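Visitor: Letter by letter, the chains look like this.
Protein chains: 2
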Amino acid sequence: MTDKQERRGRRGRSARREARTQNVPSSTAPYIKRQIPLTELLSEEGLATIEANADSLLQEIGIEFREDDEAIELWKESGADIDGERVRFPKGLLQSLIATAPRSFTQHARNPERNVEIGGDAIVFAPVYGPPFVSDLDEGRRYGTIKDFQNFAKLTYMSPYLHHAGGTLCEPVDLPVNKRHYDMVYSHIKYSDKPFMGSVTAPQRAKDSVRMAEIVFGADFVDQNTVMLNLINVNSPMVYDATMLGALKVYARHNQACVVSPFILAGAMSPVTAAGTLSQILAEAMAGIALTQLIRPGVPVVFGAFVSSISMQSGAPTFGTPEGTLLLNGASQLARRMNIPFRSGGSFTSSKVPDAQSAQESAQSILATVLSGTNFVLHAAGWMEGGLCSSYEKLVMDMDQLGMMHVLAKGIDLSEQSQAMDALREVGPGGHFLGAQHTQRHFESAFYRSTIADNNSYEQWDIDGRSDASERANVKWKEMLRRYEPPYIDEAIDESLLAFIAERKAAFPDSNF
Amino acid sequence: MTDKQERRGRRGRSARREARTQNVPSSTAPYIKRQIPLTELLSEEGLATIEANADSLLQEIGIEFREDDEAIELWKESGADIDGERVRFPKGLLQSLIATAPRSFTQHARNPERNVEIGGDAIVFAPVYGPPFVSDLDEGRRYGTIKDFQNFAKLTYMSPYLHHAGGTLCEPVDLPVNKRHYDMVYSHIKYSDKPFMGSVTAPQRAKDSVRMAEIVFGADFVDQNTVMLNLINVNSPMVYDATMLGALKVYARHNQACVVSPFILAGAMSPVTAAGTLSQILAEAMAGIALTQLIRPGVPVVFGAFVSSISMQSGAPTFGTPEGTLLLNGASQLARRMNIPFRSGGSFTSSKVPDAQSAQESAQSILATVLSGTNFVLHAAGWMEGGLCSSYEKLVMDMDQLGMMHVLAKGIDLSEQSQAMDALREVGPGGHFLGAQHTQRHFESAFYRSTIADNNSYEQWDIDGRSDASERANVKWKEMLRRYEPPYIDEAIDESLLAFIAERKAAFPDSNF
Chain A
3 MTDKQERRGR RGRSARREAR TQNVPSSTAP YIKRQIPLTE LLSEEGLATI EANADSLLQE
63 IGIEFREDDE AIELWKESGA DIDGERVRFP KGLLQSLIAT APRSFTQHAR NPERNVEIGG
123 DAIVFAPVYG PPFVSDLDEG RRYGTIKDFQ NFAKLTYMSP YLHHAGGTLC EPVDLPVNKR
183 HYDMVYSHIK YSDKPFMGSV TAPQRAKDSV RMAEIVFGAD FVDQNTVMLN LINVNSPMVY
243 DATMLGALKV YARHNQACVV SPFILAGAMS PVTAAGTLSQ ILAEAMAGIA LTQLIRPGVP
303 VVFGAFVSSI SMQSGAPTFG TPEGTLLLNG ASQLARRMNI PFRSGGSFTS SKVPDAQSAQ
363 ESAQSILATV LSGTNFVLHA AGWMEGGLCS SYEKLVMDMD QLGMMHVLAK GIDLSEQSQA
423 MDALREVGPG GHFLGAQHTQ RHFESAFYRS TIADNNSYEQ WDIDGRSDAS ERANVKWKEM
483 LRRYEPPYID EAIDESLLAF IAERKAAFPD SNF
Chain B
3 MTDKQERRGR RGRSARREAR TQNVPSSTAP YIKRQIPLTE LLSEEGLATI EANADSLLQE
63 IGIEFREDDE AIELWKESGA DIDGERVRFP KGLLQSLIAT APRSFTQHAR NPERNVEIGG
123 DAIVFAPVYG PPFVSDLDEG RRYGTIKDFQ NFAKLTYMSP YLHHAGGTLC EPVDLPVNKR
183 HYDMVYSHIK YSDKPFMGSV TAPQRAKDSV RMAEIVFGAD FVDQNTVMLN LINVNSPMVY
243 DATMLGALKV YARHNQACVV SPFILAGAMS PVTAAGTLSQ ILAEAMAGIA LTQLIRPGVP
303 VVFGAFVSSI SMQSGAPTFG TPEGTLLLNG ASQLARRMNI PFRSGGSFTS SKVPDAQSAQ
363 ESAQSILATV LSGTNFVLHA AGWMEGGLCS SYEKLVMDMD QLGMMHVLAK GIDLSEQSQA
423 MDALREVGPG GHFLGAQHTQ RHFESAFYRS TIADNNSYEQ WDIDGRSDAS ERANVKWKEM
483 LRRYEPPYID EAIDESLLAF IAERKAAFPD SNF
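If you're matching them up, the sequences are chains A and B in order.
Here the first sequence stands for residues 3 to 515, numbered as in our numbering.
Here the second sequence stands for residues 3 to 515, numbered as in our numbering.
Derived by calculation from the structure, the hints in this document are not laboratory data.
All values reported here derive from a predicted model rather than from experimental measurement.
Among the clues, some could well be false.
The list treats identical chains as interchangeable, and a pair is accepted whether it falls inside one copy or across any two copies.
[What the hints assert, rightly or not] Under the rule of at most 20 Å between Cα atoms (straight-line distance), these lysine to any residue pairs were calculated in the SDA-like manner: (1) Lys35 / Gly432; (2) Lys507 / Ser45; (3) Lys78 / Asp512; (4) Lys149 / Leu390; (5) Lys412 / Leu40; (6) Lys93 / Met423.
Using the sequences and the accompanying hints, generate a full structural model.
Guide: If you want it as structure tokens, here you go:
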């Protein structure tokens, strides 16, 4: 055994011990293997209608690929009809291209124990992505900083229920736009050992992300394995812009997985009805997914669908709505029929504070997400204010909910132990089960223990200070940050990363574009 | 047209007009007809295992029917094995008795437009049942009074999303225990015209409820139709007590439907595991359901399951848990296989305030309730503090959630209009749908409009006073009570009810037992 292996082994054992008492990530569940049947709300006939409509859209209207000659050239060679930036697709073309994409793949983490499977029965939870603001009960809402980013990275690392480090946990607006991706990617590597996402805001930033991954994993490994997921939003309706195309091409070429996501607020970026919106989502996703396969056949890719609705009064985005649930569920069925891993959902809300609205909308959306069998769930924790704000309290409240989803996804255990006929015979009519041997045996593992809920009597709650859930969450995240310990990282790798970043940062001036 | 008909006709038109603007109940949806497929988490094999175990429990251990010679005599005649108060059931006996119960039935309301179907694809929402306390943001938590009861009756009447008036909206502790049922049943009749529940706390109170129903509907009608649902809790594990048996017999004899409900906090009243708990629930429910058929073959009856878990640390009940979801879903499948309408679920929480915990637990439980295809949902709105408190704010927050459930249960509309191909062709790549003709046509009905959620920008929310959801709910219920108008009631019926109550109240002294 080398020193390094021994060191990792020791950490492994001590981490598992701590996991039981201190809520640091346990190595027993790197992701959820769903054991319950899927909830599927659309009939075979409905799905066929939507697929036929998507085919019509792709043939008649097509998709625009803007300011990217290379993409147009690739489409031309593939047999698509080209009209300037507009590409129309003969029936069956996209399906045949998509056929080379894997139905499931492994995203590697720098700690192999945290590798995740994307696709099939796997469900992988990742935190909120993208907000410019952060908030907590003490300081309120303000612009995010790299310090906040690091805090969210640490909290995400510590949760046994977030399997993935995510990407833009918040925008660190204290750093220049053109250089902050170095600090973001580095923070994921340094403060966590879970799988993470690359930068997509410019092709060069995608290249930098790949280079940093190569420093960590080795260039050959990166070329043959997927170590980053990368969020490619469609500029819905039916447009891929140059920025997203640039990033998509870099990642696909390097065997890294794009999450091709129509970004839809129904009523604004798509029709005001679910059936119409689903046809559009399918058409948009098919085009982007097929493009990754044109660039590198066989590269892993994810069918994404960021989808909600708007208020027809104000135009404001709405979340955790029944329409959002129906759209998410329908899109999950469409992705499964295409044999492509599916990304959607999360713990969504448009509330400005971690109140009842926030929790109600988030609970509706995350339960629907899990029941739909979503494979990769970005925004699973910390999302607030329609995605404009990452909330510290909401992050730990959502983590608690994700813990519950782990139990739900296991379904009902039908083992002889769980059938409990011995307990039923022991207790009999009018007895109680608290003292039964069976209960004692299962005491530790019986029920999920919420870290946020107060189930005490009114009187005890009164004595304890009458806290609400957000106040308890406030205590919780501070306590977690106090006991954070960084995961092991090879010193040589860390130094190489820092050297690369320093060199790159020095090579060109700061800019906020 | 008689005066009365004309009066009802006018009220009907004006009520429909108001419904659009003022949130008084619309006559268009007396209950939900579920159009989405069921979420069913247990396999055929799992269900068969649980059924076999329930059969074993019924044969080997049996059920106790306490202090009720008549029930024991009925069981004896049916062929069951009697051992004092313990009754054991030969295999197949209960199934053959249960076969006479209807798989679906109508509960009549005094306004026929509000009749509800119980069973099949129907979902009927009723408010919280049983709490001794009430709370609101202004006055905090205190014992409930008849005034509170009436307020909850009025608010329930006004909601288009509560189909049923419910029963014990709160305990009116300002009235003597032995007489308060008159005021409760009368309040349901007077302040609402939705279907309601009868008293079950003593056989005489059940008889009084039947008598009051006969005054409203006529004795012959009541004998031939179901006008009351009545909550019969099993004293789990495996005991029916004299009070519940007494009420069950009165209602079954009068053709009124009992909701036979094992009352389970798993780990205390049942094994700490889901599979064991489900076998017990099934055995308990089968015995009570069969007893109603022994008393009056063909009488409507509902398979109930009040089921949650406890904290293994404190023994406190917990709600909105993943274990509760699994149990609810499993029980719904067992009831459907028995062809009996199913009651369970609700908007549960153990929180003491309408905070994020309250909303999270309630959202999880109500979504699971609806997806499981639960037919009658008691506690669908207003439940707080593990059922010890009826909350004014929570009531209206839950009503809003129930509105969302109405949209969800409709599923995805696949009509040509909804496919929206015209809109997709009109807008094309890079456009937006806000101004599309299709969007304009569907503007009014497109998306559910929450009455509680704030979807505005942070800046607008800040200007508006930075309210949280509970504060908006506080404004909402007061506004509703201000514009409450009682439904039409025949004056002669009202006078007969009041005369009956006055006579009965004078006949015996007040008592708090």
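Visitor: Between Lys149 and Leu390, at a C-alpha cutoff of 20 Å, which is it: within one copy, between copies, both, or neither?
Guide: Answer is within; shortest intra-copy Cα gap is 18 Å, inter-copy 44 Å.
Visitor: Should Lys507 paired with Ser45 be assigned to within, between, both, or neither, using CA atoms and 20 Å as the limit?
Guide: Neither: 54 Å inside a chain and 58 Å across chains, both beyond 20 Å.
Visitor: Please sort Lys93 with Met423 into within, between, both or neither, judging by C-alpha distance up to 20 Å.
Guide: between (58 Å within a copy, 17 Å between copies)
Visitor: 20 Å Cα cut-off: does Lys35 pair with Gly432 within a copy, between copies, both or neither?
Guide: neither (39 Å within a copy, 39 Å between copies)
Visitor: When Cα atoms must be at most 20 Å apart, do Lys78 and Asp512 count as within-copy, between-copy, both, or neither?
Guide: Neither: 38 Å inside a copy, 90 Å across copies.
Visitor: Within, between, both or neither: how does the pair Lys412, Leu40 come out at a Cα-Cα threshold of 20 Å?
Guide: both (12 Å within a copy, 19 Å between copies)
The structure shown violates the earlier hints numbered 1, 2 and 3.
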